[in-house]
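Novice: Residue numbers (the working numbering), protein chains in the order written: chain A, 4 to 256; chain B, 20 to 304; chain C, 1351 to 1641.
Bear in mind the hints are in silico, worked out from the structure with no lab data behind them. Computed from a predicted structure; not experimentally measured. Some hints could be false.
Capping the alpha-carbon separation at 20 Å, the derived lysine-lysine pairs in PhoX-like fashion look like this [stated by the list, open to error]: (1) C:1354 / B:197; (2) A:98 / A:190; (3) A:115 / B:34.
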Amino acid sequence: MTPEFKLEAKKVNVYYGENHVLRDINMNIEKNSVTAFIGPSGCGKSTFLRCLNRMNDYIETFRMEGDVIIDGKDIYDRNVRVEELRKKVGMVFQKPNPFPKSIYENVVYGLKIQGITRKDELDHAAEESLKRAALWDEVKHDLKKPALALSGGQQQRLCIARTLAVQPTVILMDEPASALDPISTSKVEELIHELKSNFSILIVTHNMQQAARVSDKTAFFYLGELVEFDETRTVFTNPKHERTQNYITGRFG
Amino acid sequence: MNKTVLNRLRDVVFKYFGMACTLFGLLMLAIFIIDILIRGLGRVNWDFITGFPSYIPENSGILPAMVGTLWVLVLTAALAIPVGVAAGIYLEEYGKRNYFARLVELNIANLAGVPSIIYGLLGLEIFVRVLGMGSTLLAGACTLSLLVLPVIIVATREAIKAVPKTLREASYGLGASKWQTIWNQVLPAASGGIVTGVILALSRAVGETAPLIVVGALAFVPFVPSGPMDEFSVLPMQIFNWVSRPQEGFIINSAAAIIVLLLITFLMNGVALYLRNKWQKKVKW
Amino acid sequence: MKTKERIIEALLAASGAIGVLTTVGILYVLISESAQFFSTVPLGEFLTDTQWTPLFADKHFGILPLITGTLLTTLIAIAVALPVGLTVAIYLNLYAPATMRKWIKPVLEILAAVPTVVYGYFALTVVTPFLQDIIPGLASFNSLSSGIVMGVMIIPIISSLSEDALYAVPKSLREASFGMGATRYQTVFKVLVPAAASGIVVSVILAVSRAVGETMIVAIAAGQQPNLTFDPREPIMTITTYIVQVSMGDVEHGSLEYRTIYAAGISLFALTFILNNVSFWIKKRFTAKYE
């Protein structure tokens, strides 16, 4: 039977040492949708995002309770290979972080480490991913150029292309446009819109307008709690909670 | 004289004293290099480099010692680099919170401060006697490898530490395992720093004398070593031997041999310094 | 896949274990050989006898002359390196133009990269003849010139580490001092040096530890006579020189003479071990304060 939701979080509690940073988070994410996480700095939205592909595993004091279920499987189960999980749940980071290698090598990195070496297969994947990330036309003639020579916006789209190449079904984006100029930002936003038809996208953002523009649903986090989670339109026009109202109207945060 | 003037005077006097002290070190170095060049340069020629030691100073050469030094360099590199880099990776990437790693760390810190001659005593008992290597190149290289291990480990850790977190996260985020991330991303990014540390460590090994004396390196070797199981001498040993003799001819020989040794050491240090600067510029992405 | 990762981790850990094995090896070798030595020579005699003549017919096994020899050369070295090194550190930190600091530091570090056998040559053939013109009664082998040259060698240890310590003093502190009209000189000695004291002390301890374990300079230029003396003009013998002397000669493995080098070695190891750990302790204790 197909699970009802793409991703379910059940009573997720996270601690950094003694600090209780996430409290009883419950959330269901539908397939092929865009969900925005908003909230003031330190509210736990990035931490929650990183729980979804176990990126927090590398933090020494990190401890989690509760379940995160993707495609009906608990990703914190002992039998889960975290590398497999991350192929399915890709991630784009705040600052563009291409590897200090060529554009081509960046895109095929994820495939190469899976042991794929056939050149035609890699070439095909590289072209396909760069096209989907709307970068192909800009770089198709110099795939051998170092990735670090690209502009910030191009670098970020390269990072998205790199993520797409391993064919995830969920993409986590941690403030993907915060380090970019307005034009690059709008390109990334367009891209998110196009990717929606094939991927479940979860995006952390500080930018209210961005959340309103790109997302179907919005989750508002405050002091480690999920205050409100609803249709984006509802959250922005008719929030149920006063704190949400205060935040989106800019009274704090 | 009022107090402000006095204070300002002190300040100026100290400034010139500081300059003098800084120059003192440089001056000693200069005197020293000039003295060696004056005394030894005339002796450095092809016969000296390709000759064998002799009881007549003018007939002596440094070939066996030079070849011994090269052998020691290569063997020490082969032994110490893989082990040192691996241990550095382990401490920095794997051993963050376990007891064993802390134990290793403590040991490395202590080993870095152990006098080199003590390593000689260790080598004499373990490599020369218990493992039965005898006073061979291999025993010498094993001893020096242990000696330079802390240097390589520390350099590796520093270089790995300087690799930005974002690079690792990018790799993990694409489904790479820990080792894949280290091998494909972290090590290439850290290679400049690691190479620098390795060269400095090896240059130290080239200049070491005391542990090799204890291990049993020879002061007089009339043959060129041809394999790791041969007995040997090294340049510093040869210098020590010549400088301990009363005849002026041998002192000149030692000055000439020092020129060769310093050339090797400075060359290695220069390359390391160059790589370090280049790497520091590159590392900001 | 998972197994491969495990194997790699195990290999890396094994490399780390070599560090532990080295320490264990050093301790084992030193303790086992010197235990046999002390079963023949009582520890009391070793520590109190004032003569060290294991290679002569009339054998005495008193480590004191070797200890005083070692301390004497170390003391002279520190007497040179501490004032010069610390002044250099202060000068580079506060007085020198930035460009000068940039190239002086690596140049000074060359001093630490020169092989010690070369310093030995320098002490014996340059410094001693030079000092003999000034100081009457200076022997051809003496602790004075080896100590001075050793001091030059360890200048960079003190200057480099002390400069780091001065550099780590919060900028606000120095600005506060300048803001009240203090000169650089006053700022250095009233604010910076006290604030950086722990780092400076650590640098000195490491320099001492290095001097205590230094071998080639003293083996070449300080002589091979275990005299119980504090006269810097006299030839002496350090612990390290003794080990070299025995190693150069033909001493039979397993003999009492052979074991003396391990007894000497364990004394040296103990000295440097204590010094190093005191420096770790100071570093740990006082850097915690800044955070």
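Novice: Would you mind marking each hint as holding or not holding in the structure?
Specialist: Against the structure, the hints:
For a cut-off of 20 Å, the pair hint linking residue 1354 of chain C to residue 197 of chain B stands: about 11 Å separates their Cα positions. Restraint check for residue 98 of chain A and residue 190 of chain A: satisfied, since their Cα atoms lie roughly 16 Å apart, inside the 20 Å limit. For the proposed pair residue 115 of chain A and residue 34 of chain B, the alpha carbon gap of about 60 Å is over 20 Å, so the pair is violated.
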